[in-house]
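With chain A's structure known, arrange chains B, C and D on it following the hints.
4 protein chains.
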Amino acid sequence: MSDEADAIALDVANRILAAQPFSVLIGAKLTQFGGGTARIEVPFEPQLLQQNGFLHGGVLAYAIDNAISFAGGSVLGPSILTAGMTVAYHRPARGPILAEATVITATRSSAAVRCEVSALDDRTGERVIVASGHGTIALIDRGAE
Amino acid sequence: MSDEADAIALDVANRILAAQPFSVLIGAKLTQFGGGTARIEVPFEPQLLQQNGFLHGGVLAYAIDNAISFAGGSVLGPSILTAGMTVAYHRPARGPILAEATVITATRSSAAVRCEVSALDDRTGERVIVASGHGTIALIDRGAE
Amino acid sequence: MSDEADAIALDVANRILAAQPFSVLIGAKLTQFGGGTARIEVPFEPQLLQQNGFLHGGVLAYAIDNAISFAGGSVLGPSILTAGMTVAYHRPARGPILAEATVITATRSSAAVRCEVSALDDRTGERVIVASGHGTIALIDRGAE
Amino acid sequence: MSDEADAIALDVANRILAAQPFSVLIGAKLTQFGGGTARIEVPFEPQLLQQNGFLHGGVLAYAIDNAISFAGGSVLGPSILTAGMTVAYHRPARGPILAEATVITATRSSAAVRCEVSALDDRTGERVIVASGHGTIALIDRGAE
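Top to bottom, those sequences are chains A, B, C and D. The numbering used here puts the first sequence at residues 134 to 278. The numbering used here puts the second sequence at residues 134 to 278. The numbering used here puts the third sequence at residues 134 to 278. The numbering used here puts the fourth sequence at residues 134 to 278.
Chain A with its partners taken away, still in its complex shape (with noise of 0.2 Å):
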């Protein structure tokens, strides 16, 4: 895709995010979209931490379920569902996050994706990978409920 077409799909899958109240409530930000990926960003909220004052790891879950689904739906189009997922966690969350997530396989009906969660560690500076995980995103279909 052109620069230009990339624009506009990161700006269409913005409106979707911004369709889902929970994203909003976390305010989770999608700032690359296309070609297979996208990174979702959360900041570090004090209503989004855990009793030891780090990011609690249903927010990472949160980001990693997102940022899967909007790389599978870069692929596949936007009548997608997360199959599964798992979630990895290495390190606590410090600070903001940003994960980062990409297809490694499509079929015409599912896409398996990667994904890594960075953060920011407050102490340091640096950017540690707090966690990390692995998708399949499947195409809906009506008649299978």
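Worth flagging that the hints you see were computed from the coordinates, not collected in a lab. Don't take each hint at face value.
Claimed, not checked - With a Cα cut of at most 20 Å, we get these calculated SDA-like pairs of lysine to any residue:
(1) K162(D) <-> T240(C)
(2) K162(A) <-> L182(B)
(3) K162(A) <-> Q180(B)
Chains B, C and D alone, transformed into the frame defined by chain A:
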């Protein structure tokens, strides 16, 4: 444990949940805890939905993450972390959910936990399984990071 | 199903297992099948071990893969594939194993299945859980590839 | 590491593989090892197939298990175990496979590893991704069992 001990454990566990700002944001309740099990309830509120009016997948992932963590904690104690989890999505969640987690097996330093999430279907009034998962809980090893 | 119908189902399922050369190579037996469940047994043989004398993790993964596939097939029929699975390893397998799979929920086109693998511990004579898993079985969609 | 050091590492790693009777049974080769990566190759042999003439899913799971284990071991050393893994199956494997694993991130006691499995398609002569996975490798904690 006696019924009284169970009740105390549930109370203490609910204080941990109440100390998680993200759990308060979501409005989660811990309604069962102890003996290798835990049950997290999440209401069906407008701010927790995705663009089609179902609970967002990230909300289900949050519930699984926390239910397996508390179930593991009921066996291993409070100094734990979720090492990883798997979430499989089966149906859209059209009502409030229960995430029910059960320890499969535990060693001195870790627990394997399974979890099923059911939702009250607003069309039928019946409870259906909307997601299932599996997770590993580990004792926090301060030297590992 | 009647006991007779169950017996027939187990017999047919064992013919499918016998038609899998890799299952013959491993020496796996299907000893329970039907109603959303399946049990695969694998012997403790020298050629199935890893370098420390335990059953190789790949053998446990094979057993989980096949047990969840047969459990799913008992609900969805024979034209199925394993879409994905998770394997968590808990302890070394020091003896023959049983992989016991149970369907959690099924739609018309897929089934979610959990599985636990236990081994007879040659030191204690007791059965311990050595691995657990979760998988998704899907009806084969010939148009999807 | 220098090329010579890499070559030695690969040689030592292949001796570990050769000490795994199950890897010998399967006929697996380790053809790349070091710097957080490993590549396992498995031939397309009659005894490794399932009932439709494709490599059995358990063979792919074996390859992922071992590739992530060696990739993790290249960072953490030989006293490791696979804590868990996820396998997603994308297409039937119609020829010999390569399982290529890469460490995503590592702490002092664990490594997160991703893996992709590709097969030579006997119909087209092209290499296609047939499975992907994610695993966690941990240093063996002798006191944990």
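Now the hints, each set against the structure:
no.	hint	verdict
1	K162(D) <-> T240(C)	violated, 40 Å
2	K162(A) <-> L182(B)	holds, 16 Å
3	K162(A) <-> Q180(B)	holds, 16 Å
Figure legend: structure checked against the earlier numbered hints; the only hint not met is number 1.
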